[in-house]
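2 protein chains.
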Amino acid sequence: MESRRSFLRKSAFGATALGIYPLGQLQAAAPQTERLRVGLIGLGLRGTNHLRNLLLRDDVQVTALCDTDPARLELAAQALKEAGQAKAATFGAHEYSYRDLLAMEAVDAVVISTPWLWHTPMAVDAMKAGKYAGLEVSAATTLAECWDLVNTHEATGTHMMLLENVNYRRDIMAVLRMVREGVFGELVHFRCGYQHDLREVKFNNGKQPYGGGAEFGEKGISEARWRTLHSLKRNADVYPTHGLGPIAVMADINRGNRLVSLTSSASKAIGLHNHIVAQGGEDHPNAALKFKQGDVITTTLTTARGETIIVTHDCNLPRPYSLGFRVQGAKGLWEVDGSRIYVEGKSQPHRWDPAASWLEAYDHPLWQRYGEYATGAGHGGMDFFVMHAFVESAKRGIAPPIDAYDAAAWSAVTPLSEQSIAAGGEPQHVPDFTRGRWIGRTPYDWLKDTF
Amino acid sequence: MESRRSFLRKSAFGATALGIYPLGQLQAAAPQTERLRVGLIGLGLRGTNHLRNLLLRDDVQVTALCDTDPARLELAAQALKEAGQAKAATFGAHEYSYRDLLAMEAVDAVVISTPWLWHTPMAVDAMKAGKYAGLEVSAATTLAECWDLVNTHEATGTHMMLLENVNYRRDIMAVLRMVREGVFGELVHFRCGYQHDLREVKFNNGKQPYGGGAEFGEKGISEARWRTLHSLKRNADVYPTHGLGPIAVMADINRGNRLVSLTSSASKAIGLHNHIVAQGGEDHPNAALKFKQGDVITTTLTTARGETIIVTHDCNLPRPYSLGFRVQGAKGLWEVDGSRIYVEGKSQPHRWDPAASWLEAYDHPLWQRYGEYATGAGHGGMDFFVMHAFVESAKRGIAPPIDAYDAAAWSAVTPLSEQSIAAGGEPQHVPDFTRGRWIGRTPYDWLKDTF
Numbered sequence: 002m003e004s005r006r007s008f009l010r011k012s013a014f015g016a017t018a019l020g021i022y023p024l025g026q027l028q029a030a031a032p033q034t035e036r037l038r039v040g041l042i043g044l045g046l047r048g049t050n051h052l053r054n055l056l057l058r059d060d061v062q063v064t065a066l067c068d069t070d071p072a073r074l075e076l077a078a079q080a081l082k083e084a085g086q087a088k089a090a091t092f093g094a095h096e097y098s099y100r101d102l103l104a105m106e107a108v109d110a111v112v113i114s115t116p117w118l119w120h121t122p123m124a125v126d127a128m129k130a131g132k133y134a135g136l137e138v139s140a141a142t143t144l145a146e147c148w149d150l151v152n153t154h155e156a157t158g159t160h161m162m163l164l165e166n167v168n169y170r171r172d173i174m175a176v177l178r179m180v181r182e183g184v185f186g187e188l189v190h191f192r193c194g195y196q197h198d199l200r201e202v203k204f205n206n207g208k209q210p211y212g213g214g215a216e217f218g219e220k221g222i223s224e225a226r227w228r229t230l231h232s233l234k235r236n237a238d239v240y241p242t243h244g245l246g247p248i249a250v251m252a253d254i255n256r257g258n259r260l261v262s263l264t265s266s267a268s269k270a271i272g273l274h275n276h277i278v279a280q281g282g283e284d285h286p287n288a289a290l291k292f293k294q295g296d297v298i299t300t301t302l303t304t305a306r307g308e309t310i311i312v313t314h315d316c317n318l319p320r321p322y323s324l325g326f327r328v329q330g331a332k333g334l335w336e337v338d339g340s341r342i343y344v345e346g347k348s349q350p351h352r353w354d355p356a357a358s359w360l361e362a363y364d365h366p367l368w369q370r371y372g373e374y375a376t377g378a379g380h381g382g383m384d385f386f387v388m389h390a391f392v393e394s395a396k397r398g399i400a401p402p403i404d405a406y407d408a409a410a411w412s413a414v415t416p417l418s419e420q421s422i423a424a425g426g427e428p429q430h431v432p433d434f435t436r437g438r439w440i441g442r443t444p445y446d447w448l449k450d451t452f
Numbered sequence: 002m003e004s005r006r007s008f009l010r011k012s013a014f015g016a017t018a019l020g021i022y023p024l025g026q027l028q029a030a031a032p033q034t035e036r037l038r039v040g041l042i043g044l045g046l047r048g049t050n051h052l053r054n055l056l057l058r059d060d061v062q063v064t065a066l067c068d069t070d071p072a073r074l075e076l077a078a079q080a081l082k083e084a085g086q087a088k089a090a091t092f093g094a095h096e097y098s099y100r101d102l103l104a105m106e107a108v109d110a111v112v113i114s115t116p117w118l119w120h121t122p123m124a125v126d127a128m129k130a131g132k133y134a135g136l137e138v139s140a141a142t143t144l145a146e147c148w149d150l151v152n153t154h155e156a157t158g159t160h161m162m163l164l165e166n167v168n169y170r171r172d173i174m175a176v177l178r179m180v181r182e183g184v185f186g187e188l189v190h191f192r193c194g195y196q197h198d199l200r201e202v203k204f205n206n207g208k209q210p211y212g213g214g215a216e217f218g219e220k221g222i223s224e225a226r227w228r229t230l231h232s233l234k235r236n237a238d239v240y241p242t243h244g245l246g247p248i249a250v251m252a253d254i255n256r257g258n259r260l261v262s263l264t265s266s267a268s269k270a271i272g273l274h275n276h277i278v279a280q281g282g283e284d285h286p287n288a289a290l291k292f293k294q295g296d297v298i299t300t301t302l303t304t305a306r307g308e309t310i311i312v313t314h315d316c317n318l319p320r321p322y323s324l325g326f327r328v329q330g331a332k333g334l335w336e337v338d339g340s341r342i343y344v345e346g347k348s349q350p351h352r353w354d355p356a357a358s359w360l361e362a363y364d365h366p367l368w369q370r371y372g373e374y375a376t377g378a379g380h381g382g383m384d385f386f387v388m389h390a391f392v393e394s395a396k397r398g399i400a401p402p403i404d405a406y407d408a409a410a411w412s413a414v415t416p417l418s419e420q421s422i423a424a425g426g427e428p429q430h431v432p433d434f435t436r437g438r439w440i441g442r443t444p445y446d447w448l449k450d451t452f
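In order, the protein sequence lines correspond to chains H and F. Residue 138 in this note's numbering sits at position 137 of the first sequence, with consecutive numbering throughout. Residue 84 in this note's numbering sits at position 83 of the second sequence, with consecutive numbering throughout.
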């Protein structure tokens with residue numbers, strides 16, 4: 002397998018293939034930008050990854066960078082230089098310096114990759130400033146924030162896209178195609194979640210981003226600096242969108258269907274305490290902390306069309322990674338665990354098919370087109386596609402495939418799961434963030450081969 | 002692999018190895034029976050299977066048979082004759098003829114394998130008659146019935162055993178051993194369920210037990226005659242014990258732990274209607290029926306020790322069989338889907354081990370002892386073990402491994418899931434059928450190598 006850069010060199014892909022539709026041929030109604038001028042807010046590991054992918058595109062100019070950590074800012078400026086791009090404006094003197102970035106005329110769109118508590122405020126400010134906003138997951142941490150995103154989008158007419166990369170995973174897109182082509186029949190039930198041992202993300206030694214110690218917050222670095230506090234203080238599914246995002250698209254949530262209610266239950270919380278003791282001993286100050294977040298949180302959602310969706314959050318225990326997808330309909334089902342598919346009348350009765358041949362046969366047009374290139378972009382290629390969709394939507398000034406209503410509905414699982422758990426599993430209504438318009442909104446055409 | 006009968010012939014196993022502990026050497030405190038005299042109530046496919054397994058034992062004499070279908074009764078009598086056993090008394094003139102069987106002095110124990118609605122009444126009558134009762138799953142269909150089992154056991158001092166065969170599955174018993182030996186650490190989360198495409202069980206052509214038509218009730222035969230009505234009338238997990246039974250034992254339910262509450266959600270119900278139309282056409286009278294039971298029902302239980310248990314009922318859609326087990330603790334987990342195990346410090350970091358080598362290393366003593374013999378007994382051997390435990394417990398007159406409290410707690414999921422679903426997912430308290438004694442009851446020693 003040749004490396005991504007060598008592929009780029011050989012095919013001169015950066016200069017032509019990425020700008021699939023030369024701008025002159027575009028049919029989009031909205032105003033277009035010759036070259037999308039992007040500002041990045043947040044240049045940690047995630048933001049820097051987005052930066053590197055953007056720098057490979059000839060339809061993007063990175064005009065502004067913002068981070069409160071001068072070292073990260075310097076690293077990003079260096080990346081621009083290496084890519085032969087013009088120097089970008091830089092911001093980061095204080096926490097609200099991003100507003101100076103948003104005030105720049107030479108910024109059309111922003112990519113926000115900051116700690117969760119900044120996501121909604123920054124996306125709201127971006128839309129108010131008329132900047133097409135790309136927002137990392139999860140979008141919002143309270144119901145009020147969910148509404149902030151929707152209300153600001155509606156008040157300003159400016160778009161935001163939730164940058165949920167798992168929606169672009171190759172198997173997910175193949176299964177989405179199978180769903181759209183009716184392979185599984187009428188849909189009935191879904192499973193998904195975020196099952197990822199994050200103990201070495203939540204704790205480090207203050208020197209390396211992953212592991213090596215029992216520190217977090219002030220004494221930790223990278224994600225441990227802020228993410229771990231959510232586990233300490235909130236008994237909630239704080240990270241629902243990697244699982245729910247792909248399922249919501251398959252289920253036409255906000256587009257002919259909607260999330261109606263949920264119940265949520267949390268197991269005991271022992272994983273993070275055990276990890277602190279294992280890393281730092283019984284006497285480590287963090288060993289005295291009582292973490293609120295249950296190790297396994299299970300949320301059951303119901304939809305207007307009568308499907309159920311189980312969403313799992315399982316990040317504090319030793320376990321291999323799995324998003325635990327299941328997509329089940331009247332004619333068959335896909336399960337990611339065991340990588341298997343059953344389709345009535347096609348599979349041998351009562352026997353699983355290996356998923357691989359099905360996923361290959363239904364490979365998504367976008368992956369057929371860009372797969373080889375995308376694979377180097379991070380997270381197995383998903384990161385290329387999500388950024389591609391963002392850039393192409395922003396260039397055209399059109400609604401993105403994952404919009405403010407999606408961001409709000411998916412992220413609402415965090416506060417609602419918290420409420421349900423606190424109330425012993427009481428069902429919670431999921432607000433209709435579309436204000437009733439879900440009945441007439443039509444699904445985004447995820448099967449087109451552009452973005 | 003040699004057949005079961007040839008194994009029996011070669012090793013004369015029937016005459017010696019099955020009566021492991023010659024009666025004279027038994028240390029049990031309770032009164033013992035030289036040869037357990039068993040009556041069978043219900044001789045459908047399930048009861049007949051139990052009969053055939055009992056006839057292979059030299060410590061059992063089948064003294065009475067009961068079924069309201071003369072053909073089934075005749076078939077059973079024939080099986081006795083072929084086994085060279087003395088003729089048994091037969092009953093079945095009417096629905097309550099089983100009470101005449103219970104009145105026989107020459108019956109020590111009964112095996113009840115009848116339609117669900119007869120389970121509790123018959124087990125209650127059996128205990129009142131002083132007969133050690135073996136009851137097929139599920140035990141009870143309402144909360145009152147759950148209490149009936151417990152109250153009758155306590156009032157009479159007579160035992161009942163729930164004949165949950167999955168508790169004796171080879172992988173389950175190996176994982177139980179791993180749990181008991183601490184391999185997974187402190188337990189946190191479980192998954193299980195009954196995911197079995199029963200459409201051809203629920204509908205047949207009135208001539209064959211499985212499939213071939215869209216008939217049930219009066220026009221169906223075998224299970225379709227009675228089981229399908231539960232899907233038509235009740236939106237509930239009507240069959241929870243195959244999944245919950247094994248998990249409840251691992252979690253020490255009623256023995257140091259208990260089920261505290263549950264929430265339940267049902268998907269839409271389309272599978273059975275679709276099946277009727279596929280089998281009998283749009284104009285078939287059954288195509289007009291509205292089935293209440295959601296195709297996928299998900300129940301989340303909480304326990305006194307802070308674990309959560311997800312129980313799934315998924316029987317109306319095309320899908321391969323899986324009981325969907327997961328057993329997850331502070332040190333690792335087993336998942337039956339994908340057949341994989343992860344144990345921190347033993348497995349490669351973030352990588353699954355194939356379950357097989359673990360399951361082999363922790364093979365249960367009972368399976369090591371009887372595995373080769375058991376495999377022919379039905380359902381991959383489980384049926385031998387569950388009947389073995391029943392017979393050995395009844396012979397000794399001691400409490401069985403799965404008792405009236407277990408039967409009540411596990412079966413309570415049916416009415417409680419129904420209540421929760423009807424109330425939009427409202428949490429339901431699970432009654433403490435032990436009346437507080439769960440705090441002091443010690444787990445049954447499932448790891449001993451006798452039964």
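Think of the hints as simulated: they come from the structure by calculation, not from any bench. Mixed in with the good hints there might be a few duds.
Put simply, identical chains are the same to the list, so a pair is met inside one copy or across any two.
[What the hints assert, rightly or not] Below, computed lysine-lysine pairings styled on DSS-like, alpha-carbon distance capped at 30 Å:
1) K88 to K269
2) K293 to K449
3) K234 to K220
4) K82 to K332
5) K220 to K293
6) K332 to K220
7) K291 to K332
8) K449 to K291
9) K208 to K234
10) K332 to K208
11) K220 to K269
Hint by hint, here is what the structure shows:
Taking identical chains as interchangeable, the C-alpha atoms of K88 and K269 are never at most 30 Å apart, the minima being 51 Å within one chain and 57 Å between chains. When the C-alpha separation of K293 and K449 is checked against a cutoff of 30 Å, the pair qualifies neither within a copy, at 44 Å, nor between copies, at 39 Å. When the C-alpha separation of K234 and K220 is checked against a cutoff of 30 Å, the pair qualifies only within one copy, where the shortest distance is 18 Å, while the shortest distance between copies is 59 Å. With identical chains, the CA atoms of K82 and K332 are never at most 30 Å apart, being 54 Å at best within one copy and 47 Å at best between copies.
Taking the shortest Cα distances, K220 and K293 sit within 30 Å of each other inside one copy (20 Å), while across copies they are farther apart (56 Å). In this homomeric assembly, K332 and K220 come within 30 Å of each other (Cα to Cα) only across copies, at 27 Å, whereas the closest approach inside a single copy is 53 Å. For a Cα distance limit of 30 Å, the shortest separation of K291 from K332 across copies, 19 Å, qualifies, whereas the shortest one inside one copy, 46 Å, does not. With identical chains, the CA atoms of K449 and K291 are never at most 30 Å apart, being 49 Å at best within one copy and 38 Å at best between copies.
In this homomeric assembly, K208 and K234 come within 30 Å of each other (Cα to Cα) only inside a single copy, at 24 Å, whereas the closest approach across copies is 62 Å. For the homomeric pair K332 and K208, the shortest alpha-carbon distance between copies (27 Å) is at most 30 Å, but the shortest distance inside one copy (52 Å) is not. In this homomeric assembly, K220 and K269 come within 30 Å of each other (Cα to Cα) only inside a single copy, at 26 Å, whereas the closest approach across copies is 50 Å.
Hints 1, 2, 4, 8 from the earlier list are contradicted by this structure; the remaining hints agree with it.
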